[in-house]
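**Q** Listed below are the residues making up each chain.
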Amino acid sequence: MSKFKKKKDGGLAPINTASLPDIVFMLLFFFMVATVMRENTLKVANSLPAANQIEKLDKKSPVSYIYVGKPSDNYAPRYGKEARIQLNDNYADLKDIASFISAERAALREELVNSLTVALKVDRKTNMGVVGDVKHELRKVNALKINYITAASEDTNKAE
Amino acid sequence: MAKRAAPEVNAGSMADIAFLLLIFFLVTTTIEKDSGIPRKLPPIEDVTEPPIIKQKNIFTVLVNKNNDLLVEDEPMEVKDLRAAAVDFLDNNGDRSCSFCKGKKDEKSSDNPDKAVISLKNARETNYETYITIQNELVAAYNQLRNRRALEIGASKGFPNMNFVQMQANKKDVRFNGNKEKLKAVIEQIKKEIPQKLSEIVE
Numbered sequence: 002m003s004k005f006k007k008k009k010d011g012g013l014a015p016i017n018t019a020s021l022p023d024i025v026f027m028l029l030f031f032f033m034v035a036t037v038m039r040e041n042t043l044k045v046a047n048s049l050p051a052a053n054q055i056e057k058l059d060k061k062s063p064v065s066y067i068y069v070g071k072p073s074d075n076y077a078p079r080y081g082k083e084a085r086i087q088l089n090d091n092y093a094d095l096k097d098i099a100s101f102i103s104a105e106r107a108a109l110r111e112e113l114v115n116s117l118t119v120a121l122k123v124d125r126k127t128n129m130g131v132v133g134d135v136k137h138e139l140r141k142v143n144a145l146k147i148n149y150i151t152a153a154s155e156d157t158n159k160a161e
Numbered sequence: 003m004a005k006r007a008a009p010e011v012n013a014g015s016m017a018d019i020a021f022l023l024l025i026f027f028l029v030t031t032t033i034e035k036d037s038g039i040p041r042k043l044p045p046i047e048d049v050t051e052p053p054i055i056k057q058k059n060i061f062t063v064l065v066n067k068n069n070d071l072l073v074e075d076e077p078m079e080v081k082d083l084r085a086a087a088v089d090f091l092d093n094n095g096d097r098s099c100s101f102c103k104g105k106k107d108e109k110s111s112d113n114p115d116k117a118v119i120s121l122k123n124a125r126e127t128n129y130e131t132y133i134t135i136q137n138e139l140v141a142a143y144n145q146l147r148n149r150r151a152l153e154i155g156a157s158k159g160f161p162n163m164n165f166v167q168m169q170a171n172k173k174d175v176r177f178n179g180n181k182e183k184l185k186a187v188i189e190q191i192k193k194e195i196p197q198k199l200s201e202i203v204e
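Respectively, the protein sequence lines represent chains V and S. Using our numbering, read the first sequence as starting at 2 and increasing by one per residue. Using our numbering, read the second sequence as starting at 3 and increasing by one per residue.
No wet-lab data here; the hints were simulated from the structure. There may be inaccurate statements among the hints.
[As the list claims (entries may be wrong)] Simulated coverage check for chain S against chain V, where a stretch passes if three residues somewhere in it have a Cβ under 8 angstroms from a Cβ of chain V:
{"no.": "1", "stretch": "37-48"}
{"no.": "2", "stretch": "120-128"}
{"no.": "3", "stretch": "136-144"}
We treat Cβ as the ideally placed atom computed from N, Cα and C, and that holds for glycine.
With the sequences and hints as input, model every part of the structure.
**A** Right, dumping it as structure tokens:
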């Protein structure tokens, strides 16, 4: 009997796990702080073009997002390869834009309705035809403040 | 018998390390913000007669479906577009613009206020090309506005600040200058060099 006990004594001491909760909390806090809540799941390809004369999107005024691009790979068999518009979580047609904008406006306080900015997140490989159509729809519903969301790049063409 | 028990690690300071890391990340993380080129669409209205603009005051930029550029009926590379647009806007053909440094060519634009850039693209044009061109044209305006801002800024109390910085400061809550004055300067520059960029829809 004593033989066995002696062997056990020589084993490793158990790891102190008192700080494990701290580490877990730290991770939790970190992700809580750093996560941007994504409102929409993207169903279209969305690699943005780069530009350098850009301004930050003013989050003080309300923003609505319109995504345009090819359906992403797992949707491609069903929806084809032509560029599509995505509003909220679903593919949409051009004619849905008007109702989308009015729904977005209805959710706003009255004094903010006119400052609604429409952020266009368009994939770089898209043709301008679709973008032009979207812009025309926006003009029809008088949503005139738009912003072409782009990635930032270095200005290589500075003349000064 | 020969094996000794490993000494227990003191974990008392683990929490401190965890908090240190937490605070470090708290301080260094920036939540990414979307940025892009802001534009304003023209409202739909029944224009019976379009405004009459002299041909020399219009700078036409055409992009075809192969993403080739035609500027003032001449093919052009994208990298030359900014300089060409600056030359056009800064031309000062009627000599009424006091701050212009252009060639005063009679055949080009009268003054920055009258100069209009007209952009037309095909339906098949690539979006990336379109954004690059928009970017270059905005850059041309910004270049002139920056120059003007450095000229007049000093006398208004904002020395060594270009137009882009002025706009950034206007939005920045930490800016500790006179925002009303800054706004007035920005408005003045915007009025002197207005962004008259029209897009043609077919």
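**Q** Could you work out which earlier hints the structure fails to respect and list their numbers in ascending sequence?
**A** none
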